[in-house]
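Chain by chain, the residues run as shown.
There are 2 protein chains.
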Amino acid sequence: GFDVALFEYREDIRCAKVVKGRSINLALSHRGRQALKHIGIEEKIVSMGIPMRARMIHSLSGKCSPIPYGRKGQVKPLFVKLANPYQVLGALKMVETYPNTELNFSHKLLDWSPETGTMTFHGPDGAERDFEADLIVGCDGAFSTTRKQFLRRSRFDYSQTYIPHGYIELTMPPRNGDFAMEPNFLHIWPRNTFMMIALPNVDKTFTCTLFMPFEDFEKITTGDELIAFFQKHFPDSIPLIGVEALKRDFFLLPAQALVWVKCSPYHMLDRCVLMGDAAHAMVPFYGQGMNAGFEDCLVFNEIMDQFNEDFAAVLPEFSRVRAPDDHAMCELAMYNYIEMRSHVNSRYFLFRKYLDGALNYIMPKTIIPLYTMITFTRTRYHEAVIQWQWQNKVITRGLWIFGTMSVAGGAYLLMKYRPKTPPINVEELWNRVLALGWLRK
Amino acid sequence: GFDVALFEYREDIRCAKVVKGRSINLALSHRGRQALKHIGIEEKIVSMGIPMRARMIHSLSGKCSPIPYGRKGQVKPLFVKLANPYQVLGALKMVETYPNTELNFSHKLLDWSPETGTMTFHGPDGAERDFEADLIVGCDGAFSTTRKQFLRRSRFDYSQTYIPHGYIELTMPPRNGDFAMEPNFLHIWPRNTFMMIALPNVDKTFTCTLFMPFEDFEKITTGDELIAFFQKHFPDSIPLIGVEALKRDFFLLPAQALVWVKCSPYHMLDRCVLMGDAAHAMVPFYGQGMNAGFEDCLVFNEIMDQFNEDFAAVLPEFSRVRAPDDHAMCELAMYNYIEMRSHVNSRYFLFRKYLDGALNYIMPKTIIPLYTMITFTRTRYHEAVIQWQWQNKVITRGLWIFGTMSVAGGAYLLMKYRPKTPPINVEELWNRVLALGWLRK
Numbered sequence: 001g002f003d004v005a006l007f008e009y010r011e012d013i014r015c016a017k018v019v020k021g022r023s024i025n026l027a028l029s030h031r032g033r034q035a036l037k038h039i040g041i042e043e044k045i046v047s048m049g050i051p052m053r054a055r056m057i058h059s060l061s062g063k064c065s066p067i068p069y070g071r072k073g074q075v076k077p078l079f080v081k082l083a084n085p086y087q088v089l090g091a092l093k094m095v096e097t098y099p100n101t102e103l104n105f106s107h108k109l110l111d112w113s114p115e116t117g118t119m120t121f122h123g124p125d126g127a128e129r130d131f132e133a134d135l136i137v138g139c140d141g142a143f144s145t146t147r148k149q150f151l152r153r154s155r156f157d158y159s160q161t162y163i164p165h166g167y168i169e170l171t172m173p174p175r176n177g178d179f180a181m182e183p184n185f186l187h188i189w190p191r192n193t194f195m196m197i198a199l200p201n202v203d204k205t206f207t208c209t210l211f212m213p214f215e216d217f218e219k220i221t222t223g224d225e226l227i228a229f230f231q232k233h234f235p236d237s238i239p240l241i242g243v244e245a246l247k248r249d250f251f252l253l254p255a256q257a258l259v260w261v262k263c264s265p266y267h268m269l270d271r272c273v274l275m276g277d278a279a280h281a282m283v284p285f286y287g288q289g290m291n292a293g294f295e296d297c298l299v300f301n302e303i304m305d306q307f308n309e310d311f312a313a314v315l316p317e318f319s320r321v322r323a324p325d326d327h328a329m330c331e332l333a334m335y336n337y338i339e340m341r342s343h344v345n346s347r348y349f350l351f352r353k354y355l356d357g358a359l360n361y362i363m364p365k366t367i368i369p370l371y372t373m374i375t376f377t378r379t380r381y382h383e384a385v386i387q388w389q390w391q392n393k394v395i396t397r398g399l400w401i402f403g404t405m406s407v408a409g410g411a412y413l414l415m416k417y418r419p420k421t422p423p424i425n426v427e428e429l430w431n432r433v434l435a436l437g438w439l440r441k
Numbered sequence: 001g002f003d004v005a006l007f008e009y010r011e012d013i014r015c016a017k018v019v020k021g022r023s024i025n026l027a028l029s030h031r032g033r034q035a036l037k038h039i040g041i042e043e044k045i046v047s048m049g050i051p052m053r054a055r056m057i058h059s060l061s062g063k064c065s066p067i068p069y070g071r072k073g074q075v076k077p078l079f080v081k082l083a084n085p086y087q088v089l090g091a092l093k094m095v096e097t098y099p100n101t102e103l104n105f106s107h108k109l110l111d112w113s114p115e116t117g118t119m120t121f122h123g124p125d126g127a128e129r130d131f132e133a134d135l136i137v138g139c140d141g142a143f144s145t146t147r148k149q150f151l152r153r154s155r156f157d158y159s160q161t162y163i164p165h166g167y168i169e170l171t172m173p174p175r176n177g178d179f180a181m182e183p184n185f186l187h188i189w190p191r192n193t194f195m196m197i198a199l200p201n202v203d204k205t206f207t208c209t210l211f212m213p214f215e216d217f218e219k220i221t222t223g224d225e226l227i228a229f230f231q232k233h234f235p236d237s238i239p240l241i242g243v244e245a246l247k248r249d250f251f252l253l254p255a256q257a258l259v260w261v262k263c264s265p266y267h268m269l270d271r272c273v274l275m276g277d278a279a280h281a282m283v284p285f286y287g288q289g290m291n292a293g294f295e296d297c298l299v300f301n302e303i304m305d306q307f308n309e310d311f312a313a314v315l316p317e318f319s320r321v322r323a324p325d326d327h328a329m330c331e332l333a334m335y336n337y338i339e340m341r342s343h344v345n346s347r348y349f350l351f352r353k354y355l356d357g358a359l360n361y362i363m364p365k366t367i368i369p370l371y372t373m374i375t376f377t378r379t380r381y382h383e384a385v386i387q388w389q390w391q392n393k394v395i396t397r398g399l400w401i402f403g404t405m406s407v408a409g410g411a412y413l414l415m416k417y418r419p420k421t422p423p424i425n426v427e428e429l430w431n432r433v434l435a436l437g438w439l440r441k
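Residue numbers (UniProt numbering), protein chains in the order written: chain V, 1 to 441; chain R, 1 to 441.
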């Protein structure tokens, strides 16, 4: 029932000859799908993407091992890799069907007033144009212009943090007209302090993204150094990407920075509210950025119903309810930044993954892997974190008790049925205990 | 040897009829004094302030108990409460004596260019004026305009956090021509979730500052509610401030917010560096804000000598060396925000204060109270925090071992020399052990 005007800085993608910007890898999972479902476009959007079933870990030797996202056969397709701009085009066509919606492209927001709700735009004709609104919803990304007005006010908490890693994108072309690697997988080359990932596109290419500390990027200055680096760390990817394409793509642009933005509150007076990356930009390692943004809309909609669309009540409630969840998700994305590039190499991590899955099978309501809660449910993000910390405590304690009892029982049996000869080699026993060290956290 | 031009937004304090802004309580301690000493104005500035010897804790009943800042007779005057604007005037007169220094007041910085070093000011005549510099030193406070240019660049980490408490200032007039309470003390009324402090001024008044959650300020809307609140929590202060003055000052302005700013790096290219509150605004509870800012100058000067005044080398080194120290100090100030209003009420805190002092007397180089390291030495802030955490671990463990041995020894003696009659009352013994609970951390 509201009249909606959309203002976008970029030009109209429906008329554009060349689409500017990068083909960002967007992962759509349960939360995002629920939001799309609510407006009746879930199936349409999902059908344009590529379903992802598991992670595929590439070891140094080139061996590939899949790690499923959830328990076997639980939910599938588990998540969908969207191929911007196809879905954006699809969504715009849906918007056009609403008579109370106006689309304005090539409009750059210069400033806006919280008192009057007047926004000043720099239009496509070069002239300034004012537009007045009862409610301004700022969904203008990590470097939000809407948010600047918030920063001028007192009692607005804000942080922007750049991680020490940058990224570079490489394209892996199709091979014999088909995907060069198995599609339907998030391919990962974890190398502890850095990693490469690859996600499939609808045109049968893969977009490979290399995440690495900026200082390591700076060490690679020539094509030969680059090839030597790939030979050492990602040998299986060289024939798939191609030596020439690798050299061309790598030096095309400098490594790009990754920022993490948190703020609170999300609203100003009864006039403006921030959503999506403008409110909570996160590092991309959990594939939740777009999903959290779409869920913002769902949560906002729920609160709008609850408070009869009274902005003066809805906006503060949205800040109160939603900010702790988004903050928790931003921190989890940072945590996954470490998990993806190093934990997946650890035997304890794989053992815990297996154990958590088994416990989830036995007690599906008590032990739920964190990834499952985040990706396949609408459990509030901050509650998922609390539940996860509790589970970790219980499982770690259980392992310790089990370990201690096993050792004690083993010692008892050893003492009771000790062989006459040969005698126990204490040193060897000790070495075996040490080798079990990887079981410790 | 450098030509220095100073630009200040406010008008020239030497010509001003009315000095705008608040009479902020500025505490000058060792670090700030060292910086002043370096430029030969320490004694001049210190002589204009009021020396502080201890904290004076006001209990609910009106009882006053001093808590000295360091070990008895260690350093005095321990810190000096500056009476802005007298010292600013004194400092300006010193600056005037340098022929290579130019002072520009009523100049508002609009923007500046990192490429050319051109700053654009709005001058006192209303016209815009450009000024070019090789090095721009931004010391323009917590809401720094210089810093805005940093925020537009990639890889600049920044956070601003408002604490839930606001503050209101009240004036306690002189009594019979003299201070109404003992001067040379930082008076504190700690009330756990809120507190009032009072610091003396050279005109024999006290400036009282009430720190309290905003939501509690909002509950006090009438003069009667205010008096009832003071009767309940600060009864001894009412006759000293006066009922009418209290009602007048309290409602003069809304409660003011307190912000905490961290950022990194402090420099941009070889062109600009941030210092003082512009780089690290902190909550005022450790009295280190100005001292940290003055120490920035000392550290910068040391690095300038080390790198032969080569800005391209000096600026990154300053960011690298200084930011971790300022960040540690910002966090300590937040910690003291809790210590001042609640820990000083705890018996364990007072016991530890006494114990730390005693241990410091026995081992003056091994156990140094945190407050001493921060306020009376130039130990790097972040090293002081590491040292403090180590000391806490050692002392807490020592107390546990001592406690356990005492209990064991006591039990042994009890068993050995147990009286025939009356028998041990186990329940009473247990209650006594529980009463010792406050010894635990």
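I should point out that these hints are in silico values taken from the structure, not numbers from a laboratory. Take the hints with a grain of salt, since some may be wrong.
Since copy identity is lost for identical chains, a pair holds within one copy or between any two.
Stated by the list, open to error - Restricting the straight-line Cα-Cα distance to at most 20 Å, the calculated cross-link-like pairs of lysine to any residue (SDA-like) are: (1) 219 x 277; (2) 232 x 309; (3) 262 x 305; (4) 148 x 399; (5) 219 x 155; (6) 37 x 56; (7) 262 x 159; (8) 204 x 177; (9) 262 x 155; (10) 262 x 141.
Violated constraints from the hint list, given by number and in increasing order:
1, 2, 3, 4, 6
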